[in-house]
Amino acid sequence: MADTSASPVREAAGVMQGSPLAAGIKGRRRLLRDTPAALILIAPVIVLFAIAVIYPLVETIRLSFWDIQGLRKPAFIGFGNYARLFADAAFRNTLLTTLIFTIGTTVISVAIGWVLAMLCAFAPQQTLPFRVMIFAAFGISEAVSGYMWIGIYRPDAGGLLNSLIQLLGFPGFAHAWLGDANTALWALIVAASWSGVGLPLMLIFAAIQAIPKSVLEAAYMDGAKPLSTMRHIMMPLSMPGVRVAVFINLLSALRAFDIIYILTGGGPVRSTETVGYFMYRESMTQFKLGYGAAATVILLLAVLIISIPAIIQRTAGAK
Amino acid sequence: MTSSSKFVPEIGRRTLLAGAGSAALLAVTGAARAQDPVSGELVVLNWLGGSELEMMHAIHKAFLAKYPNVTIREVAITGQGDMRGGIRTALMGGEVVDVLFNTWPAFRKELADAGMLRPIDDQWKSFGWDKLVSQSWKDLGSIGDKTYGLTYTFGDRSGIWYKKEHLAKAGIAEPPKTWDEFVASFAKLTNAGYAAPIAIPGKYWAHAEWFETLLLRTAGVETAAKLGAHEIPWTDPAVKTALTKYAEMLTSGCCGAPNTMLANDWDGEADQVFQANAKNYLLIGMWMNNRAKNDYKLVEGKDYGLFQFPSLGMGHDDTSSVDAKELLVTTNGPNPKAADAFLDFWTSAEAANILAKAGYASPSSNVDASLYGEAQKVATQAVASSKLQFVLGDLLPGDLVDEYRVQLQKFLQDPSTANIDTVLAAIETKAQGSY
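As you go down the protein sequences, you meet chains A and B in turn.
Using full-length UniProt numbering, the first residue of the first sequence is number 1, and each one after it goes up by one.
Using full-length UniProt numbering, the first residue of the second sequence is number 1, and each one after it goes up by one.
Hints may be right or wrong, so weigh each one.
[To be verified] Now the stretches of chain B that chain A is said to cover, found in silico as 3 or more residues with beta-carbon under 8 Å:
hint: 1; region: 83–91
hint: 2; region: 199–205
[To be verified] List time: in silico DSS-like cross-link candidates among lysine-lysine, alpha-carbon distance up to 25 Å:
hint: 3; chain 1: B; residue 1: K138; chain 2: B; residue 2: K109
hint: 4; chain 1: B; residue 1: K164; chain 2: B; residue 2: K61
hint: 5; chain 1: B; residue 1: K302; chain 2: A; residue 2: K73
hint: 6; chain 1: B; residue 1: K337; chain 2: B; residue 2: K357
hint: 7; chain 1: B; residue 1: K325; chain 2: B; residue 2: K293
hint: 8; chain 1: A; residue 1: K73; chain 2: B; residue 2: K146
hint: 9; chain 1: B; residue 1: K131; chain 2: B; residue 2: K337
hint: 10; chain 1: B; residue 1: K109; chain 2: B; residue 2: K430
hint: 11; chain 1: A; residue 1: K73; chain 2: B; residue 2: K131
If you're looking for bench data, these hints aren't it; they were derived computationally from the structure.
Glycine included, each C-beta is placed from N, C-alpha and C at the ideal position.
Extracted from the complex, chain A is given alone in its bound form:
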């Protein structure tokens, strides 16, 4: 291709070497030249993303417009599944349960993660093995921690929590925590929060570690006590980590399934059935794939709504 950058026409139009316009043109040319290489490099990611994310997403949305019951022949029903979904009292119940579960687990796990991150940051070097143990404990999978919490909540004498309550001399407080519709959701929230503490702990701890040493040294030189340093320097400067932790915990709580499946199976009397579990029950147990897909799309919309503020904030930060 002929080089036209120094043509008389362009010079006449005022495109001078070194001007912003010339730089823009040069940039576009470089972009055109580099695009094929960039596309080749990014292609595997695009293909994988399309297979792993875009296709399932499109397929789920497509399925949500079909009536699929068991192995019967599917029938197109348009928005029928969505209409049924909002008329279904069990689904409406899951929306409220999901809201309580999501907010509860996020608040508790981020708060505990924050406190633990502060303690870890202040702990002397010799406590490193213990800090590692704290981090490792929260790396346990939700399924495994679910079985652990079953042992803790067992209603009989073998249950750790009830045994502890009896040992402390309050036998009247022993309870079937997972069998009572009034306590099951909160028992579940505590268990899910415990297993969700790891991520906020690490994110907030990383944010604290990123605080410039000079700031902490200046505070020390000015005579700030540890509590003041924590309150006026570490807590405000760890906020970016807290925000990310809140965002990620909200999303994972919205999608929660494993721990609910293991601890309560959505019961008793559907008191712990979240949208995620409802989706599983309808799709997998009853094999109403279209109906379950419609619930999945609703959940997806909820996740998107939650994500928008974070995305806007990230975009604004990038600018």
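With chain A's structure known, arrange chain B on it following the hints.
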């Protein structure tokens, strides 16, 4: 002569040709038969677990010893509760299997309606299963005039498990035979220090077992079958009577706090009876026998036993709830010959006796009944002498069975007459949209 001389050689040529052709055909088919033993990979879809899986593997091993040219690949579905979803997912996800294990008659129909099952009427004749398995089990595995399922084990779901030392400690000489004796035993057991006479696992489904046998004993198998097919509504007085009887049991102090019932599944409650010695009676399937032997290391007949549901004197005491597990073969399985041989093997004395030793009943007449322990003998006798009805929960459509179990959970929380009406009305509302 001429004609005949002409005729004879012609016949001779034809005969010769026919003979040669037949010989060639025989040689080919004979060779094919010789080269076509039961061989190749057999794909088995399985969802069983624990000691039941060990029993199944023992049978697989015995089958492979008989058919050394066969290899078994197991497609294992893991999960808890109703496993139909996992099986459907595997099949629709592209798993091609030869054999699958099933326990839900409604699911068999669903698979057959989708054209996934191969009828086994020809195999039934050629393998001579009629001589080994009774017509009632064949009927159970049939849809219309075609047979699809070969029952390999069955269970008495109206038998109550108990630990012998518990009754002895409470001063109860014999397991209760009548409803009144049964209800009266609650106070004796409670006074003996047990937390609750009856272990009711209400977390998922096992609280429905009591309702199902009570329905049979108060209304008979015909009514239960009609309810299963929704030919009578759930608000029918017969259904209410069964639930009222259940309420009588609950208000007589049978089962402790509802929250405790709803916190445990069947295995957790079994632990309470057989390990923790905190509860006494458990109404659950025959797999309990295997668990008691293998997991709790108890001796059948010495440490624990099974007694048939007490008689209510309402004219239907000759009824029992029954479950069965069957083998199905698929239309797209690549190795139908091995699949058929596999089914046949489960009727053999070898397989039936492995089942019996593991605590399971086999419908095959090849089984050595002397291998059954005391509990299994009680169960087998009860099944043989009762009018049978398949477990109701496994006959109901998927979303109805879910509502049925949730509403029975609500009933456990409040067994009052007013709530019985509410619960039954809720199930009926769901049933109206489920068939």
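Structure-based check of all given hints:
Counting residues of the region 83–91 of chain B whose CB lies closer than 8 Å to any CB of chain A gives 6, so the stated coverage by that chain holds, three being the minimum. Interface restraint, the region 199–205 of chain B with chain A: holds (3 residues with C-beta to C-beta distance below 8 Å; minimum three). Of the supplied pair hints, the one linking B/K138 and B/K109 holds, its CA atoms being roughly 15 Å apart against a limit of 25 Å. Taking the CA atoms of B/K164 and B/K61, the gap is about 35 Å. The hint is violated against a cut of 25 Å.
Restraint check: the Cα-Cα separation between B/K302 and A/K73 comes to about 53 Å, which exceeds 25 Å; the hinted pair is violated. For the suggested pair B/K337 and B/K357, the alpha carbons sit about 28 Å apart, so the restraint of at most 25 Å is broken. Proximity of B/K325 to B/K293 is assessed by CA-CA distance (about 20 Å); at most 25 Å being required, the pair is judged to hold. This hinted pair checks out: A/K73 and B/K146 have alpha carbons roughly 22 Å apart, not beyond 25 Å.
At most 25 Å may separate the alpha-carbon atoms for a hinted pair to count; B/K131 and B/K337 meet this at roughly 21 Å. This hinted pair checks out: B/K109 and B/K430 have alpha carbons roughly 21 Å apart, not beyond 25 Å. Using a Cα cut-off of 25 Å, the hinted pair A/K73 and B/K131 is violated, with the two alpha carbons roughly 39 Å apart.
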